[in-house]
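Given these sequences and hints, build the entire structure.
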Amino acid sequence: MKKNLLINVFMAFAVMFAVNVSAQEKATGSDYKDLKKQEKVLDKEIQKKAIKQARKEAKKLDKEGFKTPVGKLPLAKQLETAWEKQAELTTDGAPYWYIASARSIGGNQSSASLQATNTAKIDLAGQIQTRVSQLIEAKVANDDMGQEEAASLSSVVASSKSVISATLGRTIPLVEVYRTLENKNVEVMVTLGYSTEEANKIAISAIRKDLAAKSEELAKELDKLGY
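Numbering (the numbering used here), first residue to last: 9 to 235.
Some hints here could point you the wrong way.
[As the list claims (entries may be wrong)] Using 20 Å as the maximum straight-line C-alpha spacing, the simulated SDA-like pairs for lysine to any residue come out as follows: (1) LYS80 - ARG111; (2) LYS217 - ASN150; (3) LYS228 - GLU156.
Hints were generated in silico from the structure; no laboratory data involved.
Rendered as structure tokens:
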């Protein structure tokens, strides 16, 4: 099956945001102000391209036979909302949402939707884990922590994907569409969003709890990092 165009472009924009945020973290003084101006322009440009691409993607999915479940927004509007969320930034220029998409095929719409949603949540957990790992590693590098403790903490965080996935709260459903295949199975595509700030807090809290179960000393080391 060809790669989902929606997921590919989402990933492209995610890379753009990552580069932008990395640059911002290094900028100071007048450079920072100039970069903030560029970000505002970039945000608006991405939003315009997002709406245009969303409409194009909606037509493509419509031709493929995808429909929206009863009670959901029209396909084009769902996609526009998802793309606009992807373009939202926090006040310091970081992406405001984690975004994940997934497709799944099942014997009926409900089972396929559940499978796709769970797969997207696992994707979200992976993104959150990566970001939290970066945050903790940066803190550890600047903190007076022993090498052994730092290595143990990093190891626990690196294996925390399942812990994070199990503790995720309510995700925001952005896109849900389905189509009936020739063999009568149903294919569902979903896109979920999650506030980066909320997700990071939940993830760090979950990691702290997991650490405490293994070593209270390591949990205390995490507390020293100021989260």
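Going down the list of hints, with the structure as the test:
no., hint, in the structure
1, LYS80 - ARG111, "holds, 17 Å"
2, LYS217 - ASN150, "violated, 23 Å"
3, LYS228 - GLU156, "holds, 14 Å"
The structure does not agree with numbered hint 2 stated previously, though it agrees with all others.
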